[in-house]
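A.B. asks: Using the hints, position chain U against chain Y.
Protein chains: 2
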Amino acid sequence: MRPLLFITNDDGISAKGIRSLIEVAQTFGDVLVIAPDKPQSGMGHAITVNQILRLEKSILFPDLEAYTCSGTPVDCVKLGIYEVMRRKPDLILSGINHGLNSASNVLYSGTMSAAVEGAMENIPSIGFSLDSFDSNADFSTAKDAIKMVLEYALKNTFPDHVCLNVNIPNVHKEALRGIKVCRQAHAFWEDRFDKRLDQFGKPYYWLTGEFKNEDHAEDTDLFALKEGFVSIVPTQFDLTAYKALENFKKLEQ
Amino acid sequence: MRPLLFITNDDGISAKGIRSLIEVAQTFGDVLVIAPDKPQSGMGHAITVNQILRLEKSILFPDLEAYTCSGTPVDCVKLGIYEVMRRKPDLILSGINHGLNSASNVLYSGTMSAAVEGAMENIPSIGFSLDSFDSNADFSTAKDAIKMVLEYALKNTFPDHVCLNVNIPNVHKEALRGIKVCRQAHAFWEDRFDKRLDQFGKPYYWLTGEFKNEDHAEDTDLFALKEGFVSIVPTQFDLTAYKALENFKKLEQ
Chain Y
0 MRPLLFITND DGISAKGIRS LIEVAQTFGD VLVIAPDKPQ SGMGHAITVN QILRLEKSIL
60 FPDLEAYTCS GTPVDCVKLG IYEVMRRKPD LILSGINHGL NSASNVLYSG TMSAAVEGAM
120 ENIPSIGFSL DSFDSNADFS TAKDAIKMVL EYALKNTFPD HVCLNVNIPN VHKEALRGIK
180 VCRQAHAFWE DRFDKRLDQF GKPYYWLTGE FKNEDHAEDT DLFALKEGFV SIVPTQFDLT
240 AYKALENFKK LEQ
Chain U
0 MRPLLFITND DGISAKGIRS LIEVAQTFGD VLVIAPDKPQ SGMGHAITVN QILRLEKSIL
60 FPDLEAYTCS GTPVDCVKLG IYEVMRRKPD LILSGINHGL NSASNVLYSG TMSAAVEGAM
120 ENIPSIGFSL DSFDSNADFS TAKDAIKMVL EYALKNTFPD HVCLNVNIPN VHKEALRGIK
180 VCRQAHAFWE DRFDKRLDQF GKPYYWLTGE FKNEDHAEDT DLFALKEGFV SIVPTQFDLT
240 AYKALENFKK LEQ
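First to last, the protein sequences are chains Y and U.
Residue numbers for the first sequence follow numbering that gives the first Met the number 0, beginning at 0 and rising by one.
Residue numbers for the second sequence follow numbering that gives the first Met the number 0, beginning at 0 and rising by one.
You can't tell identical chains apart in this list, so a pair holds if it fits in one copy or across any two.
Derived lysine-lysine pairs resembling DSS-like cross-links, with alpha carbons at most 25 Å apart: (1) Lys225 with Lys248; (2) Lys225 with Lys142; (3) Lys249 with Lys154; (4) Lys37 with Lys142; (5) Lys249 with Lys225; (6) Lys37 with Lys201; (7) Lys172 with Lys225; (8) Lys15 with Lys142; (9) Lys146 with Lys87.
Simulated from the structure, these hints should not be mistaken for laboratory data.
For reference, chain Y alone in the conformation it holds in the complex:
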C-alpha cells in the first residue's frame, strides 16, 4: 500500500504553497487534502468550538480527494483524522506557508499548529514555510528541500509526539547550503498598531510591527536561515518550564 500523506495549510486551499506541497507529496504516495476555505494566517492553535464547521469537496485538485473546511488549520487536522480518513495517515504535512514560521512565530502559526496537532495524535507531522510572502513565490528550492525531508520522514521513525518545523530560505537552488537541525531562536515581535479612522471617524487598528532578533547563537533557526540553510526545529508541545518548577515551590506553603 502506498503511504497516505495528509495535507493542510493556513493560507487556504487556493494558495500556491499548498499546490507546490501537493506536487511533491504526490511523488511519494496517496494524498488527501483538507485546507481552510479562506486565509487563516496567525490562527495559532485555534479550534472552532462555538461555531459549526463546514466541509466541502474541492474541485481544485481533480485527481485527488480534496476538501475545504470553514475552520482553522487545527480543525482541518481533527476533521481529517476523526471524520474523513479511513486509515491513519503516514505523514501530516502543512504548508508550504507563504512566510517564515521561525523563532517564536511557531506560536502564532496556523501552519505549525496543524503539525503540532498531528504530534499530539502521535502521527509524524511536518510544517513547511518559505521566506517569501509573495502569493506567486518561486517554490522550486522549497520543493527540492521538501523532497529530501519526505524521503527521510518515510524511512525513519520520529520520536513520540515530536513534529518538525521546516523553514526554507528564499534562494536559488545553487545558493542553498543544506539543512541544519536547530533550536527555536529566542526572538520576538516588537508590535505596533497602525491606528486609522473609518468613514464615520471611528478608530480601528491594524496589527503591525518589527521582528527583533537578539539571539544570534549559531544553533538557532534564524542563524541557519541567515546563512542560507534550511532550518529544521524538532518541535513538541509540553510547555512546562521545568527549570522554573523549583522557583515556585514556595507557593505550596
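C.D. replies: Showing chain U alone in chain Y's frame:
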C-alpha cells in the same frame, strides 16, 4: 505608586469569571481591562492579522479603565501593551476561565495564550481557570486561591519569560487542600465530530469528544486537581524538542 494589573480573558468581557478576577485584583492595585467583546474560547495563540481590530470603552466597570476588543485574547494583550497602557503593567492576569486549561488544553486556550504572550514580553503573567463551565459558577474558592497567588506574584520575581498556568478545582473552600506546583500532564482529547444536516440537507459538524488521561503521574496538574489541590504549572514557549535534536541530525547530510 500602586501596582498596575492588566486583565483579559477569553470568555468575553461580560463573563462572571473576569468580573471575579477584577474584584480580587482591585484589592492589590490599579486595574486596566481589555477583554474580547465576544466569547473567544479555543482561540489558542491566534492573532488578528488580516482583519482590523476595534477597541471600545466598556461601561461594564464604571470605576476602572475597561475596553472591549473585537479580536482574540492575544490581541487584547498586544493592544494593552503597545497602544493603551501608559506604563508597563506589574502583572498580566487572564481569566478566570470557565473550564480547566490543564494538560495539553494549554495549547487551545485563549486564556493561557494571553499569559504566554505576556511571558514573551517578559511581564509576569498568570492565567486562571476554574473547573466549571457554568456561566454562573461559584468563584469564591477561586478568588481565595487567586489572592494567595497574587500576594506571591507581587512580592517575588518570575524567571525570565515564564508565566503561570493556575487551575482551580470546583470545590468548597474547606475542601481545597492547597497548592501544587506541577508539570503539564501528557493527556489529550479523543475528538469526535457530531455530523448534522442543516435545513437544506447539507452537512455541518460540531467538534466534540472525550478528554483521555493516561498520564497518572503524581507530579502532573491533572493529579493535583483530582486530589483537590490548585495546580500551578510554570509555563514557557520554547517548543524545541531538545531531546530530539540528535535524532534528526542525519537530515544534515
